[in-house]
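Undergrad: Guided by the hints, dock chain B onto chain A, whose structure is given.
Residue-level listing of the chains:
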Amino acid sequence: MLATMPEIQELRDVRSHSSRTVVAQLRQVSKTFGVVHALRNLDFSVRAGELLALLGPNGAGKTTAVKLFLGLMRPTAGTVNVFGGNPIHAEVRTRIGAMLQVAKVPETLKVREHIDLFSSYYPRPLPQAETVAIAGLQEIKDRPFGELSGGQKQRVLFALALCGDPDILFLDEPTVGLDVEARRLLWEQIRKLVGRGKTILLTTHYLEEADALADRVAVINRGEIIAEGTPSEIKAKTCGRRIRCVSSLDIETLQSFPGVAEVKRDRDIYEIRVAEAEPVLRELLLRDAAVRDIEVVGAGLEEAFLALTQNGSSEPQTSGRQ
Amino acid sequence: MATVATTINSPALARPFGRTLTIYAKEAKFEFLTRLRLRAFSLSTIGFPVMFYILFGLVLNGKEAAVNGTHFATYLIATFGTFGVMGASLFGTAAGLATERGLGWLQVKRASPMPPFAYFAAKVVMSMIFSAAVVLSLFALGVTLGGVHLTAMQTMKLLGILVAGSLPFCAMGLAIGYFAGPTSAAPIIQLFYLPLSVCSGLWVPLMLLPKVLQQFAHFLPPYHLAQLALGVVGAEQQESAASHWVVLIGFTLICLGVARIGFQRDEGKTYG
Chain A
1 MLATMPEIQE LRDVRSHSSR TVVAQLRQVS KTFGVVHALR NLDFSVRAGE
51 LLALLGPNGA GKTTAVKLFL GLMRPTAGTV NVFGGNPIHA EVRTRIGAML
101 QVAKVPETLK VREHIDLFSS YYPRPLPQAE TVAIAGLQEI KDRPFGELSG
151 GQKQRVLFAL ALCGDPDILF LDEPTVGLDV EARRLLWEQI RKLVGRGKTI
201 LLTTHYLEEA DALADRVAVI NRGEIIAEGT PSEIKAKTCG RRIRCVSSLD
251 IETLQSFPGV AEVKRDRDIY EIRVAEAEPV LRELLLRDAA VRDIEVVGAG
301 LEEAFLALTQ NGSSEPQTSG RQ
Chain B
1 MATVATTINS PALARPFGRT LTIYAKEAKF EFLTRLRLRA FSLSTIGFPV
51 MFYILFGLVL NGKEAAVNGT HFATYLIATF GTFGVMGASL FGTAAGLATE
101 RGLGWLQVKR ASPMPPFAYF AAKVVMSMIF SAAVVLSLFA LGVTLGGVHL
151 TAMQTMKLLG ILVAGSLPFC AMGLAIGYFA GPTSAAPIIQ LFYLPLSVCS
201 GLWVPLMLLP KVLQQFAHFL PPYHLAQLAL GVVGAEQQES AASHWVVLIG
251 FTLICLGVAR IGFQRDEGKT YG
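Line by line, the protein sequences give chains A and B.
Position one of the first sequence corresponds to residue 1 (my numbering), numbered consecutively onward.
Position one of the second sequence corresponds to residue 1 (my numbering), numbered consecutively onward.
Only chain A is shown next, with the shape it has when bound in the complex (with noise of 0.2 Å):
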């Protein structure tokens, strides 16, 4: 039924390659709220039929970015650009669906209440038994919202996002603060429209989402983009791995290991960080019969961030935030 997960992966990893046409865009982008630069010259391009992942820790701009490119902000400086026009305008906002983190929505009104109303606002909807469909709303489409789960209300707004047939969705922190399963559900019908042939642009906090969903990955952090890439690009870089081990290697030789992105010596024990574990382990066993104390331990997502801008990030980084 589904392909293989290195499957996908490979077939996900050809598809961002290849060029297609820049459908939304910030161009030289600044956003400035008083002295809090939320985005500094950002250049983003979202293309045709990918599913780019903006992906960042809280407070990097994500929100502000996808505010900006749903013409809800203006830019301080630079441009937005959605399907060669302004998304302040109604027309090109027909061809745009949003899904927004909203602390409170009408909880009176019933789920296929909320569907029909946003429904009317686009020419052409989705049927609106395919909305509920897409969104897997069957069982509960007759509930007022405010007696909905959190994960079936995140699955309202999704289905508000799409309803109206957009030819491309903004979704912002789609599955934050949901469980495990709530999550995967959402994932699922996300890449169920992706399947549809739309493009989306997602924001996340979770580098596995990213993984799980996107064709690229763009990284964002203070207000600018640090890594661009395929999500195995993107894991090379930030979600590698780090041995640690006692070996009687030299430095050099360690660094000149596949796949090995920087080695450190503490004392007698290496710290070597590494895109792959196993490959390296594999070398390391066998030019070194001694070596001990072996340890792996995954890179935490704070920690590659650290590690990208200090290393991806063509400029050093300013002043943070004030």
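Derived by calculation from the structure, the hints in this document are not laboratory data.
Some hints here could point you the wrong way.
Restraint-style ranges between C-beta atoms, simulated for each label pair [as the list claims (entries may be wrong)]:
1) B:K29 / A:F33: 33 to 39 Å
2) B:P16 / A:K192: 27 to 33 Å
3) A:A103 / B:T144: 24 to 30 Å
4) A:R196 / B:G160: 47 to 53 Å
5) B:G181 / A:D179: 27 to 33 Å
6) A:K104 / B:T22: 22 to 28 Å
7) A:E107 / B:L60: 34 to 40 Å
Note that the Cβ used here is the ideal one computed from N, Cα and C, for glycine as well.
TA: Chain B in isolation, oriented as in the chain A frame:
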């Protein structure tokens, strides 16, 4: 590097008039349903004026009581009608707007191709429906229990004036809704609502209030709406109806101007 979509033709929004009308109708219908099902709103909006009318108009005064020659229960239909309309309109617009603005819902709607005006129109229509419901409830009570006699013409005129009188207070509600937070909107409305009502002579007829308050009432919009309503039952002060309309229209325009500043601020035209 990929180049920008060389103007992927973005079709002009040629939304047929019929479809626009559908959006307005749906927006109003669902706004009404949202509020109707919100018991805290629907019951108190209709319940408070009715309760006060029963208390002041029917219980504390006999059926025969009169003030300056006007049947008391009839007099109070006009003033508590004004009171009810004001409540339905202020709470109907301001509370919803402040919450939806402050907690992100309005942003979801703004990101959609919804015509922005439909959102406000829905709140106004909903407030007018609730206003009509309040006034009709008072009529029913007055006629059945208060010995009120109104001709068909008077009934229609009174209903028409009071429901139209919802507009200035909807405008005021929009202005408050744009500058109040989600939790502060209701207390702020109360701060205006009750003092304005009492000082405009809506609870106790104006001539029973101190002279100072009688003078002060001329500065208050609810006074002018109440005078128009009282005019229908022949209990108005000696002033021209036109002067009341002028005040109410002026007040409406000022409030809409304030609301517009809030709207533009949200749209990011003023700053950001």
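Undergrad: For every hint, state whether the structure bears it out.
TA: Cross-check of the supplied hints:
1. B:K29 / A:F33: 33 to 39 Å: 38 Å, holds
2. B:P16 / A:K192: 27 to 33 Å: Holds, since P16 (chain B) and K192 (chain A) (Cβ atoms, about 31 Å apart) stay within the stated range.
3. A:A103 / B:T144: 24 to 30 Å: 45 Å, violated
4. A:R196 / B:G160: 47 to 53 Å: At roughly 52 Å between Cβ atoms, G160 (chain B) and R196 (chain A) fall inside 47 to 53 Å, so the hint holds.
5. B:G181 / A:D179: 27 to 33 Å: For D179 (chain A) against G181 (chain B), whose Cβ atoms are near 31 Å apart, the range 27 to 33 Å holds.
6. A:K104 / B:T22: 22 to 28 Å: Holds: the Cβ-Cβ distance is about 26 Å, inside 22 to 28 Å.
7. A:E107 / B:L60: 34 to 40 Å: 39 Å, holds
The structure shown violates just one earlier hint, number 3.
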